[in-house]
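A.B. asks: Here's the letter readout for the chains.
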Amino acid sequence: MTDTLVQDSARRLFADLVPPAVVNAAEAGTWPVELWDAVAEAGFPDALAASAETPGDLAGMADAAAILREAGRHAAPLPLAESMLARWLLAGAGIAAPEGPLTIAPVERREAFTLRRDGRLSGKATGVPWAAQSAGIVIVADGLVALIPPQAADIRAGESLAGDPRDDISVDAVGAAKPAAAGVDAALVYRLGALTRAVLIAGALDAVLKLTVQYANDRVQFGRPIGKFQAIQQQLAILAENVAASGVVADAAVAAAAGQGDLAFAVAVAKSRCGEAAGKVAEIAHQVHGAIGFTHEHRLHHLTRRLWSWRDEFGVESEWSIELGRLAASKGGDGLWPLLTAW
Amino acid sequence: MGEVFRFDPLSLPPECEILRREVRAFLAEERAAGAWGPSSDFAQSHSPEFSRRLGKRGWIGMTWPRKYGGQERSFLERYVVTEELLAAGAPVGAHWVADRQSGPLILRFGTESQRQEILPRIVSGECYFCIGMSEPDSGSDLASIRTKATPVAGGFAISGRKIWTSSAHKAHYMIALCRTSPATDKDRHQGLSQLVVDLKTPGLAIRPIKNLAGAQHFNEVVFDDVFVPSERMIGQPGDGWKQVTSELGYERSGPERFLSTFRLLAEFVRRAGPDPDEREAEAIGRFVAHLATLRRMSLSVAGMLQKGEMVNLEAAVVKDLGTNLEREIPEIVRLVAKRGRSPNRADLMEEALAAGVLNAPSYTIRGGTREILRGIVARGLGLR
Chain A
1 MTDTLVQDSA
11 RRLFADLVPP
21 AVVNAAEAGT
31 WPVELWDAVA
41 EAGFPDALAA
51 SAETPGDLAG
61 MADAAAILRE
71 AGRHAAPLPL
81 AESMLARWLL
91 AGAGIAAPEG
101 PLTIAPVERR
111 EAFTLRRDGR
121 LSGKATGVPW
131 AAQSAGIVIV
141 ADGLVALIPP
151 QAADIRAGES
161 LAGDPRDDIS
171 VDAVGAAKPA
181 AAGVDAALVY
191 RLGALTRAVL
201 IAGALDAVLK
211 LTVQYANDRV
221 QFGRPIGKFQ
231 AIQQQLAILA
241 ENVAASGVVA
251 DAAVAAAAGQ
261 GDLAFAVAVA
271 KSRCGEAAGK
281 VAEIAHQVHG
291 AIGFTHEHRL
301 HHLTRRLWSW
311 RDEFGVESEW
321 SIELGRLAAS
331 KGGDGLWPLL
341 TAW
Chain B
1 MGEVFRFDPL
11 SLPPECEILR
21 REVRAFLAEE
31 RAAGAWGPSS
41 DFAQSHSPEF
51 SRRLGKRGWI
61 GMTWPRKYGG
71 QERSFLERYV
81 VTEELLAAGA
91 PVGAHWVADR
101 QSGPLILRFG
111 TESQRQEILP
121 RIVSGECYFC
131 IGMSEPDSGS
141 DLASIRTKAT
151 PVAGGFAISG
161 RKIWTSSAHK
171 AHYMIALCRT
181 SPATDKDRHQ
191 GLSQLVVDLK
201 TPGLAIRPIK
211 NLAGAQHFNE
221 VVFDDVFVPS
231 ERMIGQPGDG
241 WKQVTSELGY
251 ERSGPERFLS
261 TFRLLAEFVR
271 RAGPDPDERE
281 AEAIGRFVAH
291 LATLRRMSLS
301 VAGMLQKGEM
311 VNLEAAVVKD
321 LGTNLEREIP
331 EIVRLVAKRG
341 RSPNRADLME
351 EALAAGVLNA
361 PSYTIRGGTR
371 EILRGIVARG
381 LGLR
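Each protein sequence line maps, in turn, to chains A and B.
Mapped onto this note's numbering, the consecutive letters of the first sequence carry residue numbers 1 to 343.
Mapped onto this note's numbering, the consecutive letters of the second sequence carry residue numbers 1 to 384.
Keep in mind the hints are simulated off the structure, nothing from the lab.
Any given hint could turn out to be false.
List time: in silico DSS-like cross-link candidates among lysine-lysine, alpha-carbon distance up to 27 Å [stated by the list, open to error]:
id	chain 1	residue 1	chain 2	residue 2
1	A	228	B	186
2	A	228	B	200
3	B	210	B	200
All values derive from a computational prediction rather than experimental measurement.
Take the sequences, apply the hints, and build the full model.
C.D. replies: This is the structure in structure tokens:
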């Protein structure tokens, strides 16, 4: 389904350029120049924009997701998902995208911007990824896509549980604004944001599984590797099952975005299920790793702190579950099964 | 470590959706006739009348060759029929084992005369099977069974005891796993064979065992020199273990491993109404997310089975996740649903809830316990 060439090149790039030192430095506030340049050079930020056959279509989602899955697997500290969505929005609206990393706002369901008749865009958004470091903030409001330079926004710096920038912004400025591509609105962007988080989570979960199995095979206690103990094996099985489930629903949501199936339903399922898996997997992985996994020196936390961040972003599990529950309730008791089989 | 599991995406082909509509129309007629009360737990129901009606439609043994009465439909088409029946709570219990397990076993490993004699009767919904595996001292450790089939003139004499045999008291045949030669130190899976036992044979006694829900589903079956003709052996003597384990992908990955409490969820949705409160909506939505995920995984395994691939590991994943969900549904519904039985009429949600709570322990035991499944997954991870 996904282009394996894209996936392979992403895998190699992130494996080479995201060693723990780069993640640590980024978390300490150093923008990963070399990594971003390589990612840009590879064309990854344009994965969605470049593949669109008609303005605003999501034909590039399979490639974009293959790249993001690898980014998640390596805990890449970059606004890559945000740049992909931003460049796709700009291309769909016919606005030239600036060089460099971009971000999008808002990232919370209840936040919105308004575009006034005089062309002024105003509003507030919290937790905007890499707003201060970005070359532009892309905002969808009232049927328009606007590009705001970060200098035009009032930015209060913050960070996620993973130490990635998450800034609060306040905008009251005039920017380049053009009508969004047909069918593109703030609700769709929010949904696609949730999809990127599900894919990033699925990638990070793959890596956590691998790390944890490796550790269980290497770490010897009571004269044998701890992975030989049934208590550990049973926990690792639960971990692995959740990883498998997340991969399946993340893939299904990506396929839905590319036109196979109901996108709204698929994303709600994926974000809810992957978010739940993120918590369970992180818990078990840390338990198996013991004290060493709780140190800053060990790299497990690069993945688990991102899992804890990503599960909260673009809607926690309960938010998406409530949406799904309301949908199911609207179909009634006899409509529940047809709802499940329609997907 | 490469990718541990394979869950290839699958879209059902158009013929499956046509078939789905036919099954739904059939079930709507059945419901209108009021012939049965719904239960989505495959083990909870037994209706020879329903099985015969299903057989008339060609929906039992539907993947088998036409010469044995089958329809030569795909495994995916069978999947669709099965999931529709379970979701509707149709009484599939009578023919369930014969259709899913015993018939395919006979088709794959049986002799031509076994196929001709037995398969057409299964297809018509008139011939039911039970599975004789567990014994009083052999549960999860199946290779330790002691029931013995000793060669005698013209066949075997079976002695021993089988237990937890679902529906033995209502079935016509048992496929009994027996020792035909002793295990060796090197290989305890050696020397096991499968025999088709007519449950009316002299020397065979079936004793009911009431379960905690007050129902009789399972039994103890005692063999005292029960004669079984040689032509009732399935496959070669000593091939029993290989045959038993070759079917695990089918037994553990199907919709029956996550739909046992589906009727309860549907009744909960009905009770919550079109405007559920936030707790109800969240609980329902979370179950929808889990069910949608499991159905994807289960369908993916079905697709791989259709292609003849080995899926025991993926099937173990589906069964562990699915049966845990089956157990969780009643636990959450009891906390979140608006409860209260109406005094004068049947309350389908409370009935389904009671059945779900009482039968929950069986979900994560039958067909391979949770712990055995997780052991299989751990082996797949390279830990054992």
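A.B. asks: Does each hint hold? Answer for all of them.
C.D. replies: How the hints compare with the structure:
Straight-line distance between C-alpha atoms of residue 228/A and residue 186/B comes to about 22 Å, which keeps the hinted pair within the 27 Å bound. Taken as a hint, the residue 228/A and residue 200/B pair is broken in the structure, with Cα atoms around 47 Å apart against an allowance of 27 Å. Our distance criterion of 27 Å between C-alpha atoms is met by residue 210/B and residue 200/B, whose separation comes to about 22 Å.
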